[in-house]
Amino acid sequence: MRSPSVNRVFPQPRHLPALVYPNPMQPTRYVVMNSGFTFTESEYNGDYSMPRLGDYAVLKSRRMTCRNPQLQGYSMNRGSFLRSPNDDDSDLRAARIRGSCAGERLEIYWVDTEGGGATLILAPSGRSLLIDTGNPGPDDRDAKRIAAVASRQG
Amino acid sequence: MRFLILSCWYGPPAFPGTKLRTNRLSERSGDSIDCMRRIFARNPRQIADKELTQADFQKYNVVLFGDPGSNVWIARMASKLPIRWYEGCDHHR
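In order, the protein sequence lines correspond to chains A and B. Just so you know, my numbering puts 33 at position 33 of the first sequence, and the rest follows in order with no gaps. In my numbering, each residue's number is its place in the second sequence (first place is 1) plus 154.
Next up, chain B with everything else stripped away, as it sits in the complex:
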């Protein structure tokens, strides 16, 4: 199974604190990527969201970090994911 990891930022996060919190998770994901390299001998690609193309979705499962303000692909998918963001809160359904 091939993964493509988007760890960089397209714009300012939609909510205060999101960038700090997702950066912390992203760092841990970086640890996980090292772990993946050692255990599975795989080297997942990490790119910025603005470098991702529609064609990449055909080839890869993608890992996105951020929120609709900071990651353009989360913004584009947001209406089709089982979660809603409202100002001041996340709404999960």
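Chain A on its own, in the form it takes in the complex:
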């Protein structure tokens, strides 16, 4: 785990930092600060659900702005290493990693789907690979999420 690249100042008293980090007192263990489960019981489906905050976050006190009951009353000012495209909670369903080498770009998108996540890899050659597609449902929620991310990339 590497240190976040963010370098920002957040004024008190409205902001509260939350993070998970290797414990400086015992690096083989973790320390979590000001956070807990960020998924609800109804979202639990047999696998460990996707955490909503990632490795670190700055929570900003606001009234009932977040639809996630575990985080209600807070909005997320910053995301994680896998930073979401927007700070809106609804957009945390897709995270993106970009890397580049010699002008060529590899993009990896991780889409939150039921039972885990779908991974869309866009290679510099133009080829793409989709790993896992979630589960079928009455409203095709997972398929629509993946299609939305894929269509945004052309």
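No lab work stands behind these hints, which were simulated from the structure alone. The beta carbon of each residue, even a glycine, is placed where N, CA and C say it ideally should be. Be a bit skeptical, because a hint or two may be false.
Restraint ranges, calculated between C-beta atoms of paired labels, are given here [stated by the list, open to error]:
#1 R192(B) to T119(A): 28 to 36 Å
#2 S125(A) to R230(B): 34 to 42 Å
#3 D132(A) to R192(B): 24 to 32 Å
We have chain A already, so just place chain B on it with the hints.
Just chain B now, with coordinates in the frame of chain A:
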């Protein structure tokens, strides 16, 4: 994976409002702990920061609530975490 949760207070918070805000998060963490009991059949320990010993770090991942003024372990780790607290603001780097 074993967690040890520190939810009590060692001293006054370093910044106004921190105690209220972390208490709200801590309450939600309490909800999460109930959720953990029901789903995972696990019973995480909750203790005060002053009850924690260095040996506990060998055995547990720890969940800390508060800031350097209100939680002695956050104060001790603060210089080694990727975050700095300054008077009137949190500085994240």
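How the hints compare with the structure:
Here the CB-CB span from R192(B) to T119(A) is close to 30 Å, well matched to the stated 28 to 36 Å. The hinted window of 34 to 42 Å between S125(A) and R230(B) is violated, with their beta carbons roughly 50 Å apart. The beta-carbon spacing between D132(A) and R192(B), approximately 28 Å, falls within the hinted interval of 24 to 32 Å.
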